[in-house]
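According to this note's numbering, the sequence shown is numbered sequentially starting from -11.
Do not take every clue at face value.
[Stated by the list, open to error] Label-pair distances were calculated between CB atoms; the ranges are:
| # | residue 1 | residue 2 | range |
| --- | --- | --- | --- |
| 1 | V34 | S404 | 21 to 29 angstroms |
| 2 | D407 | E81 | 54 to 62 angstroms |
| 3 | A124 | R153 | 16 to 24 angstroms |
| 4 | E81 | T281 | 46 to 54 angstroms |
| 5 | V390 | S89 | 49 to 57 angstroms |
| 6 | G82 | R153 | 41 to 49 angstroms |
| 7 | T86 | A198 | 31 to 39 angstroms |
| 8 | H278 | A378 | 35 to 43 angstroms |
[Said to hold, decoys possible] Lysine to any residue pairs mimicking SDA-like chemistry, simulated, CA-CA at most 25 angstroms apart:
| # | residue 1 | residue 2 |
| --- | --- | --- |
| 9 | K206 | A143 |
| 10 | K206 | G97 |
| 11 | K65 | T35 |
| 12 | K450 | F363 |
| 13 | K206 | A139 |
| 14 | K450 | A387 |
| 15 | K450 | A379 |
| 16 | K206 | R240 |
| 17 | K65 | R443 |
| 18 | K206 | K450 |
Source of the hints: derived by calculation from the structure; they are not laboratory data. Beta carbons: idealized from backbone N, C-alpha and C, even for Gly.
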Amino acid sequence: MQTDRKRGAETQAPDADYGVPPGPGVHCRAVSLLTLSAVTKRYPGVTALNAVDLTVEAGAVHAVVGENGAGKSTLLKIVAGAERPDAGEIRWEGAPVTLASPREALRRGITVIYQELALVPALGADANIFLGMERARGGVLAADAMREAAAQALAELGLVIDPTRPVAQLSVAQRQLVELARALVRDARLVALDEPTATLTAHEVAHLAAQIARLTAKGIAVIFVSHRLDEVRRLASRITVLRDGRRVWTGRTSEVDEAALIRHMVGRDVAYRRHPAGRAPDPTPLFDVHGLTRAPAFHDVSFSLRRGEIVGVAGLVGAGRTEIARALAGIEPWTTGNVTLAGEPYRPRSPRDAIARGLAYLPEDRQRDGLVLRFTVRENITLPVLRRFAARGRIRRAAETVAARAAATAVDLRPSPPDVERPAVDLSGGNQQKVVMAKWLLTDARIVMFDEPTRGVDVGAKVELHRLIRALADEGKAVLLISSELPELLALADRVLVVRAGRIVGELAGEAFTPEAVMALAVEAG
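With these hints in hand, go ahead and build the complete structure from the sequences.
Dropping the structure here:
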């Protein structure tokens, strides 16, 4: 293996020297359709893509893999024209281009199908397929012609349905075929698929794979973004691995096995080391979950939490981690399963009920679900326990302020001393997260569930949030920590549960808990 010192990337060979791909879409001569050279994209406080190269050939499947946050979504947005790079060059059929908008990308034949499908549920498949490019005769929509063309495109993909049927009535797999049919009608030359199999059954995956083969047989290029390495290896002729916004490996599928791919995906230096717990976990479980199920989100989930321990939850985006936490927090119901808290049956009817029982949930999206942004710090912190400060129908403002300031000081809200009358919307991401933590401190919860607690915060705030999470466990609380950052779990968790496709597929602790072991379970390598 040679090292590209200029970009700090490990690579088997330059992107320009691909040769003939061995897998689907083999042609006598490889033709470079889309080429990205040293493409860089920065956002405030983070470099999402750092000098990334990518070459996609006509009639071939090129997979892009990497951990959550590796830069895959940003790469697709640039290909789709939804984002413009800050540096680097994009070439289409060898000529430099500027993909200034999604319309410009579509005009060149580039279609990106995202995991969250861009369809109008109330409209039929035909209307969705021709949305934005309706056909007309004499100023009147040619509904019959569009319906016939839509039916033909769908049938070509093996989906024979009434094209006027609202897509809301179709399965996820059928909706994906509607998106592919739209690409065919638009004469797409490159189709990018973002996690297309994340919610499909094995039979539906096989059918989608057959349709991808049909696309490549027509000479259409496919970018395939997926965490499922077995599917990547079956479908793709070439693979590019992104890690921390950089391209670290590109090569033929035949040149790499799943174990090597995982090493490329998680091979960065681990910046964190496990902090020793201040006290040993209580041997008696405080929270017991048995057979928790709500199909299709999660199935037969069982685990326990003990006082004084942090249990990490790892898994890929869409694996069901958040859905499990929301059910336990009383936000969404579960259908079957038994849960006990301190030996008593636990089935919250609402978030208020969960809070009253001593469970706090810090959600993944702090701005949407964790804070009322127009409220002040004080109002946000005291919101779950506002009745505590009520007397004769009025809020005892002085007592509320004292409590809010004490909680804000406990989480080291900056600047110090904290200004609790400042609107939450004016705070940095790290300080907003601290306000969410301060809010739950006032509830004196016995169980605290964190969902991506350090997403979007700077390094300094992350270290402080880690200290606060560890302190909660040291005080004897049971902590459930959902995180996509393996170094974060390594730094904090006493043991880690790995979730895949809505099920707990493994538990790791001690020497067995390594980034490679977590990723091997999470990506369904086999």
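Comparing the hints with the structure gives:
| no. | hint | verdict |
| --- | --- | --- |
| 1 | V34 to S404: 21 to 29 angstroms | holds, 26 angstroms |
| 2 | D407 to E81: 54 to 62 angstroms | holds, 57 angstroms |
| 3 | A124 to R153: 16 to 24 angstroms | holds, 23 angstroms |
| 4 | E81 to T281: 46 to 54 angstroms | holds, 51 angstroms |
| 5 | V390 to S89: 49 to 57 angstroms | holds, 53 angstroms |
| 6 | G82 to R153: 41 to 49 angstroms | holds, 42 angstroms |
| 7 | T86 to A198: 31 to 39 angstroms | holds, 35 angstroms |
| 8 | H278 to A378: 35 to 43 angstroms | holds, 38 angstroms |
| 9 | K206 to A143 | holds, 16 angstroms |
| 10 | K206 to G97 | holds, 14 angstroms |
| 11 | K65 to T35 | holds, 15 angstroms |
| 12 | K450 to F363 | holds, 24 angstroms |
| 13 | K206 to A139 | holds, 19 angstroms |
| 14 | K450 to A387 | violated, 31 angstroms |
| 15 | K450 to A379 | violated, 38 angstroms |
| 16 | K206 to R240 | holds, 21 angstroms |
| 17 | K65 to R443 | holds, 20 angstroms |
| 18 | K206 to K450 | violated, 49 angstroms |
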